[in-house]
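First to last, the sequence lines map onto chains A, B, C and D.
Each residue of the first sequence is one higher than the last, beginning at 65 in our numbering.
Each residue of the second sequence is one higher than the last, beginning at 65 in our numbering.
Each residue of the third sequence is one higher than the last, beginning at 65 in our numbering.
Each residue of the fourth sequence is one higher than the last, beginning at 65 in our numbering.
Please keep in mind that the hints were generated in silico from the structure rather than gathered at the bench.
No residue lacks a Cβ here, since even glycine has one placed at the ideal position from N, Cα and C.
There is no bait here: all hints are sound.
Computed footprint of chain A on chain C; a stretch qualifies when at least three of its residues, placed anywhere within it, have a C-beta under 8 Å from a C-beta of chain A:
(1) 143-155
(2) 322-331
(3) 337-345
(4) 351-360
Residues on chain A that point at chain D, a partial pick, calculated with CB under 8 Å:
(5) Arg178
(6) Pro199
(7) Ala238
(8) Pro264
Protein chains: 4
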Amino acid sequence: MSLTPEQRAEIEAQRAGGEQTLRAVSPGMEAHLYRAHEVLDHGFVRVIDYMGDDAAICQAARVSYGKGTKSVQNDEGLIRYLMRHWHSTPFEMCEVKFHVKLPIFVARQWIRHRTANVNEYSARYSILDREFYIPAPEHLAAQSVINNQGRGAVLEGAEAARVLELLKADANRAYDHYEAMISQEGQQGLARELARMNLPANIYTQWYWKIDLHNLFHFLRLRADHHAQYEIRVYAEAICKIVADWVPFAYAAFEDYRMGGATLSARALDCVRRMLAGEEVTEENSGMSKGEWREFLAVIGAKR
Amino acid sequence: MSLTPEQRAEIEAQRAGGEQTLRAVSPGMEAHLYRAHEVLDHGFVRVIDYMGDDAAICQAARVSYGKGTKSVQNDEGLIRYLMRHWHSTPFEMCEVKFHVKLPIFVARQWIRHRTANVNEYSARYSILDREFYIPAPEHLAAQSVINNQGRGAVLEGAEAARVLELLKADANRAYDHYEAMISQEGQQGLARELARMNLPANIYTQWYWKIDLHNLFHFLRLRADHHAQYEIRVYAEAICKIVADWVPFAYAAFEDYRMGGATLSARALDCVRRMLAGEEVTEENSGMSKGEWREFLAVIGAKR
Amino acid sequence: MSLTPEQRAEIEAQRAGGEQTLRAVSPGMEAHLYRAHEVLDHGFVRVIDYMGDDAAICQAARVSYGKGTKSVQNDEGLIRYLMRHWHSTPFEMCEVKFHVKLPIFVARQWIRHRTANVNEYSARYSILDREFYIPAPEHLAAQSVINNQGRGAVLEGAEAARVLELLKADANRAYDHYEAMISQEGQQGLARELARMNLPANIYTQWYWKIDLHNLFHFLRLRADHHAQYEIRVYAEAICKIVADWVPFAYAAFEDYRMGGATLSARALDCVRRMLAGEEVTEENSGMSKGEWREFLAVIGAKR
Amino acid sequence: MSLTPEQRAEIEAQRAGGEQTLRAVSPGMEAHLYRAHEVLDHGFVRVIDYMGDDAAICQAARVSYGKGTKSVQNDEGLIRYLMRHWHSTPFEMCEVKFHVKLPIFVARQWIRHRTANVNEYSARYSILDREFYIPAPEHLAAQSVINNQGRGAVLEGAEAARVLELLKADANRAYDHYEAMISQEGQQGLARELARMNLPANIYTQWYWKIDLHNLFHFLRLRADHHAQYEIRVYAEAICKIVADWVPFAYAAFEDYRMGGATLSARALDCVRRMLAGEEVTEENSGMSKGEWREFLAVIGAKR
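Please model the entire structure based on the sequences and the hints provided.
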């Protein structure tokens, strides 16, 4: 794993403390604080701080909707109501800060989520470590033949071995040359901000990443989805487990309405209604394109 | 003041508790938690939750700049460096959530700051209280005669009395009619979402408002400034005092570099250099417009 | 209607011109430029500028997805694909700027959409006009008895007459007093930034509002929805018609996938699958709450 | 240069057209439309679309400030006033869309500006081209010895040759292996989304980037600054030239108040006042740290 002895000692020290606070405390989240959850071969996710809990979501909603919300019997019911009706602002009232170590090509996807705060380790100032993501053999997938984007079958035998060998050798050679270029022994030493350009996209970087719960759910819906690239999905899945312990009601509602739900178009809803009325609906009389129809059948669980 | 007995009891209950947490704790901020700071005649600001402290700002900066930042001896020096060089992301790593009660015309200015999270009391669902902002006599100012925007001298005598009388009478009459329209006694009762349109802009609303420290500083720079309208400035000033207790180093740097500082244009810097070199610089040879020149003299403390 | 003769003349002058450009031009949108679409009794929406068209959305998508997107035969199919799979960034590549005149209580809802640029008429600097929204009799609705938020039946007879009379009289009296307070004849005159607090929430304001197409669709989905308050919905509907002429393919996809579509939860999808398999699904065995079940039946078009 | 013959032909075709529009047209910007401005060895910046001009900024400001702004005689004066007083919203009313080709390590800095819209070429779907940034000899700088971040003297002789050789050889080898891994001849072929991880950070990517003028100025202030890394600064400088032709008054005001200006702290302003009053101010009696004092002397043009 990727933690240095110094980091382990620091985490132990942080977890040994404990002070009094009047703020909302989530016991499930306190148990995660500072601990590193391992992801990929050298990466991790750990919670550095958080604000709010399930009750804080309800408290904010009750400011907005006043006595109206009191008719909902309990917090769980209110949270499900808010999620179902796309009331996003109460979920924005919770905030979380993570420390994440991740390969640069994963970081490049991740950063596209703009509604977050980021402090990334700077390779202009500092020297990157010799740590590269090398896929485990079972994740060394071929290009999908039916999908421009996805992955197909796992590579096997000589091809798999060749790929792993290339990835390792190139990463190490690139790092050797990075070190050689910035070295100041017997030479001036290339500027770090330039030397980093020689490093491949599977080198690890790290950052502090802070986001509110509404935007985190949006991130998780896209990145914990099975269409997401495996290497970012495992981070999203690790975060899902943490969020489930932090705000159990909100996470359960998210799972039901977002992760496990689906949006049907007007055409698709019309088909469902016709099917429920006993009509035989086919691709031809559905009004959908081939791709839409295939996705629709998958959603309603029909065999093709 | 504006707190109901129920609210006071709730605040007492919240302050009586206290739980263990492993998170960063700001003692100065714990002392503020939940307490209502009175603003205007019925308004208040109170802290509901917070994340981070001065050390959290430095910790985030050190992730970014790595060993480079260790050369700065201490947290105070590092925070001053970050503020001076407009490094905004470490300040974004702190977050705060306020409960604010404020007149609607103040809320309309406030909401223009878009990088915040808001849950406002909804007059579609709930009934607004009969509470209106009526200026204290010393804040009943005339339109400025030298400035399209600002205020001039305080109104006096009969004019002041007339204005106060009109504000009070119109507010109360509007509220009487609001109640009469929504009443369901002996009639259907107008929808709340419609009846609210009869209420004037000095009626009080309330909201939860959550923002990161960087964006809060931006808000404070604009709204605690002496050009800001008095009625929003008093809220900003109340928040300034809270922030000074929460993150003392960051607030001190903010005061020095932002609140007390000034931006000089290229032309203005050129004038300063010429003046320091002994040249007599006048409006005519400054290259500035009349307005710029007047503002420049104020910044460098020169008599006009 | 609300346009002054000066405004009409200005619009005529703007429409009389016409210059050459190399940019993407949407003929449907050129026909709307500057023209005021009347909304409510004194409000309007008019297009001041726009950037992009349906082809610009596809062009941006093709930068992202490269040759992969060429397999989609045409622009319409590609746009439907992007909308179906929540690819938001290509829609962000179109932008539109409106001039809107609207009552303040509508403006307060509208401004909650933070991802837009706004320049609002300032009542600190300038004097507001004597224009108030007074509902037409057929929109004078009672508070809903089944819904904390919505409207019920239309008020009738004496009650309706009384409400209209109160709204008109209070608005005019408030405006008379606003004028009296700021008047500088024989007195100092109250500052405008203070006097405005006497004006009710149905007075009209105006602003320039600029937003990208993705965020505009989000606004329209919420505000053109039948749950939205009537007074903002009519603005959203006016904008829908304009957008349909600006980017016909994107708007048609939006109508099918967003406005006419619905999101089903995991539980709801499970119910659909069971119903299609011939099972009798009831509220009791659905796993849903009373409210969810009622909404579910409405979505699948079942009778209650 | 980096344009393919197909791209050149496409640009020629786009520039040959021209249609009538009623929108605001900036003649200076029309001359730039679609044309590629070369940056670095294979990069470029080109304008794809724009909205607004200097007059549009003033028009938006006049909506906000009403008749108040008419006292400012002309557009140039009004724009200078808005820039001086940090009125950002009128500048947000202009928008521009660029097509940029740039090395990935530059893209990683660039994307940190979150208030923009981006569509980037996807290496999950598509194959990247064999194009790498290799610094010109005069930009092959050593690590600065006085600054953790910056660059020092240019590398010379054998060291420079060695660095260039390493950068070229590693980039080409990495690309050879990228091609070998994704090849489907005689093997399955590694998924593109995985193979890309072998490519170094100096490979070129491209994107569409859309931003409003206010946020663009913020980007340019940071990235056209002499502290910015050379490889992103040249892009910012190319954009500066384009913006100067698009909105000449706004750009001139930006140059005077932002690029050429400086922010002085309360302490620094106090020193200026004391110096102008004839007092001898030194580092010791300035109240500043060593670093602040050095920067202060540079701003006021004093010799050290």
